[in-house]
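Participant: Using the sequences provided together with the hints, build the complete structure.
From first to last, the protein sequence lines are chains A and B. Reminder that position 197 of the first sequence reads as 197 in the working numbering, one-by-one numbering, no gaps. Count along the second sequence from 1, add 458, and you get the number used in the working numbering.
Calculated directly from the structure, the hints in this document are not laboratory data. Warning: the hint list may mix true and false statements.
[Said to hold, decoys possible] For each label pair, taking beta carbons as the anchor points, the in silico distance ranges come out as:
(1) Pro294(A) with Gly839(B): 46 to 52 angstroms
(2) Arg295(A) with Glu887(B): 27 to 33 angstroms
(3) Phe557(B) with Asn46(A): 25 to 31 angstroms
(4) His674(B) with Glu82(A): 48 to 54 angstroms
Ideal Cβ positions, reconstructed from N, Cα and C, are used throughout, including at glycine.
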Amino acid sequence: MSSEPVVEARGLGKAYAIYRRPGDRLKQLLWGRWRRHYEEFWAVRNVDIGVRRGESVAIVGANGSGKSTLLQMICGTLRPTEGEVRLRGRVAAMLALGSGFNPEFTGRENVHVGASVLGLGAEETAARFEAIAAFADIGAFMDQPLKRYSSGMHARLAFALCANVDADVLVIDEILSVGDAAFQQKCMRFLNRFRLKGTLLFVSHDSGAVAKLCDRALWLERGEVRGLGSAKEINRLYLAAQAEERAEDQARFEIGGRSRSAAALSPADTPAPVASNEPIDGPAQLVFEAEDPPREIGGAQIQTAAFCAADGEKLQVAGGGEVVEIRIDVQAHRDIADVVFAFVVRDRLGQIIFSDDTSLCASHRLAAGESAVAKFRFLLPYLANGAYALESFVFERAAGATVLLHHRAEKQFLYVQSPHPSNGLANIAMRAVALRAVAARGEQSVPPADARLEMAGS
Amino acid sequence: MSAREIVVEARALGKSYRLKMRGAHPIIGAATEEFWALRNVDLTLARGEALGVIGENGAGKSTLLRLLCGTLRPTTGMVHAEGRIAALLELGAGFNPNFTGRENVWLNAAVLGLSKAEIAERFDAIATFAGIGEFIDLPVRLYSSGMQARLAFAVSAHVDADILIVDEILSVGDAAFAQKCSARLEKFRKSGTLLFVSHNTGTVARLCDRALWLEHGEVRELGPAADVCANYLASLAERAEAEDSKARSQPARRWKPLEPPPLVNDPRQRQRNAIAISPFSDDAPWHGHGGARITDVSFRDNAGTRLCEIEGGTEVKLSIRCHAEREIAEPIVGFMLRDRLGQNVFGDSTYLALRDTQRRMAADQEFVADFIFQLPFLAAGDYGLTAAITQGTQADHTHVHWVEEAVMLNARESPVARGIVGIPAIAVEIEKTTATA
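Facilitator: Okay, structure coming up:
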């Protein structure tokens with residue numbers, strides 16, 4: 001990571017003139033040289049930020065805090081009133097929907113115009129056109145004028161273009177408003193790869209996305225920087241500020257305490273260290289990189305991979321709290337000494353929420369032409385609402401190494417509509433919840449005082 | 459419910475466009491194709507009813523709303539609506555971008571039939587609701603999409619509309635504003651008629667009595683909101699799968715929760731997932747308006763002994779001890795486990811379990827909230843456990859005492875190779891199936 005900032009803003013500010021009376025506008029025009037007839041309103045003021053190569057920065061804040069204005073100034077579509085922006089490298093921006101596109105031109109024409117604006121030559125664009133069209137995946141609409149596009153198709157085209165111009169910096173306003181579940185997985189896979197080397201700047205109201213996708217966050221309030229720090233810290237302070245706004249008695253509202261790292265689990269606090277993982281009988285656990293799977297060598301094929309209900313019926317909509325089985329059907333094309341199945345389940349951000357594999361099960365041999373099914377049965381947690389993608393893998397375990405035979409992604413989705421009120425990524429069912437009054441000292445519980453309820457597991 | 463007054467009625471409603479085909483002659487033109495954006499929609503809405511309209515992009519949702527509020531003329535059929543209609547259609551519709559927010563409020567309210575005196579009287583309420591500060595005196599073209607949505611919603615919330623038509627507007631606002639809008643819509647529902655378009659089936663199911671599912675311009679289903687939403691989601695899932703030619707075709711199915719949590723038999727249980735628990739810190743980052751304090755957060759065994767280590771995949775009891783300094787009505791005690799990045803892993807509160815009981819914390823009383831649950835396997839790393847006392851309801855509450863990282867957890871060894879959590883499996887097995895013919 002070079003330490004030179006790719007995006008650098010110094011004392012950045014944008015002011016607008018507010019004329020209290022229409023006549024003031026005329027006065028300003030005539031005598032503005034001598035006296036000001038308007039009030040200045042600063043949408044953004046005094047923003048200093050340096051973003052280094054490979055860094056991801058989120059901009060958070062309420063509506064009207066200046067987030068979009070700041071992004072526009074950084075991309076150069078809005079001229080700052082004061083301060084300056086310095087950019088090194090190619091900046092691709094996805095701002096308000098459709099900005100930069102001409103509604104009368106076809107998708108194809110817009111891609112060519114857009115790419116040339118971003119500095120690609122005609123030949124380069126022609127060479128990449130297929131990749132862009134494949135990414136957008138809007139079929140024959142590519143040759144229709146943009147005004148006939150739905151907003152989803154618009155977003156697909158814009159993202160496909162930005163993803164294929166070798167941008168050094170990607171600027172995105174509201175990162176998650178793109179397309180359907182499958183397209184979103186595609187975008188997130190691209191973004192996660194892009195983040196490894198590129199610089200990402202985005203605005204989001206989704207604290208989950210901020211926590212997951214960025215290294216630092218910039219918090220704007222009424223156009224000024226209220227905080228700049230780790231995403232976790234900014235999320236925490238922003239939450240507290242929102243709670244303060246809601247409190248009836250703001251005078252009494254207080255914020256305090258110090259953050260501690262888990263290193264605070266100093267030897268004095270912690271119990272005697274536990275023995276390291278006991279050796280287990282049988283095979284070792286499977287280790288592979290799901291984000292960058294090894295090359296498939298073939299020899300077996302995944303026929304289907306699906307979420308099923310407890311009775312084996314295919315499941316497409318779930319709420320959480322029910323028994324779910326993930327089934328992976330595989331057919332062997334040759335003899336496989338020891339077959340191992342694995343799956344991962346990704347959320348809308350493309351991050352793996354949970355996964356499992358059969359590496360700890362007894363070994364299974366498959367002869368050529370034989371089929372097998374792996375079943376993972378579990379109680380589905382109360383996942384956050386949204387679409388979840390199932391990705392499945394089949395490996396052959398051999399003495400020396402484990403090789404990937406076949407891999408399938410983005411074919412199967414589970415739509416979750418959860419009744420659970422918490423916004424955790426994987427909430428679990430409580431077996432019992434109780435609130436009871438206790439004696440001021442000691443731990444004995446007092447018989448049901450104000451409220452007590454035990455829930456049978458559900 | 460039966461004899462309620464009908465306020466919106468549409469019969470055989472349809473709208474078609476002529477699309478110019480590619481390759482049409484530039485002068486003679488000709489080659490056009492008729493395209494029905496909406497066709498054969500019959501709909502009646504009674505006073506006080508809330509209808510959600512769902513469907514994919516391009517299904518005709520916006521066309522329907524525009525026909526209903528009269529900004530588009532139907533090709534076939536008729537629409538009849540009684541009373542004042544306030545519509546929040548696509549962003550910026552109804553606003554003149556070169557006028558200031560203030561001017562646009564006056565214009566819009568006047569178009570909706572408010573007198574000058576009425577507007578003057580309500581202007582402050584509208585501006586306060588919108589909460590866009592100084593921007594109110596700037597031209598609307600300088601507004602972000604969030605600010606436009608705020609202003610549009612604020613106007614329509616203050617014109618005493620009989621019928622409110624809302625198109626996906628909550629999605630562009632920040633969380634605080636979205637909450638304000640939802641509260642307002644809930645309130646409006648009690649008296650007025652609501653038509654609501656959204657991609658978010660969760661919101662539709664919560665807010666609406668009935669839902670209308672449009673597909674390719676036609677009515678696919680009209681019925682109780684929860685049922686229609688579930689069927690819609692199932693069809694989306696089916697579609698994603700249809701591309702997968704090898705998938706066995708099986709009918710979609712709705713979830714139903716299954717009873718008692720079954721026993722777990724996960725091979726990963728043979729490995730250790732020891733999680734060290736730090737003592738409670740009363741100087742952890744906290745906020746709140748006070749009245750009660752969290753005095754201890756601990757994991758305990760059945761005998762009530764404090765644990766300094768727990769094991770992933772086993773059942774644990776989390777106890778949050780509170781001291782009420784003054785009486786707290788409707789307290790909610792909750793927790794959230796956050797990972798190293800601050801992402802919420804899981805959490806819960808006493809709200810749902812206890813909402814039907816009288817809840818009150820008497821002044822100067824000690825309280826303990828217990829949560830008993832099966833811990834998932836946790837990936838190796840650090841976690842912070844947030845504990846909180848809030849007051850009110852799940853949707854609308856204030857923070858009494860909110861302690862971030864009240865307890866720190868550290869999973870030193872873990873069988874979770876990938877992912878946020880390891881879900882304990884009931885069974886993992888491989889079966890041979892007969893070779894396919």
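Participant: Hint by hint, say whether it matches the structure.
Facilitator: Here is how each hint holds up against the structure:
1. Pro294(A) with Gly839(B): 46 to 52 angstroms: Violated, since proline 294(A) and glycine 839(B) (Cβ atoms, about 25 angstroms apart) do not stay within the stated range.
2. Arg295(A) with Glu887(B): 27 to 33 angstroms: 28 angstroms Cβ-Cβ, so the 27 to 33 angstroms window holds.
3. Phe557(B) with Asn46(A): 25 to 31 angstroms: The hinted range 25 to 31 angstroms holds for phenylalanine 557(B) and asparagine 46(A), with Cβ atoms some 29 angstroms apart.
4. His674(B) with Glu82(A): 48 to 54 angstroms: For glutamate 82(A) against histidine 674(B), whose Cβ atoms are near 52 angstroms apart, the range 48 to 54 angstroms holds.
Figure legend: structure checked against the earlier numbered hints; the only hint not met is number 1.
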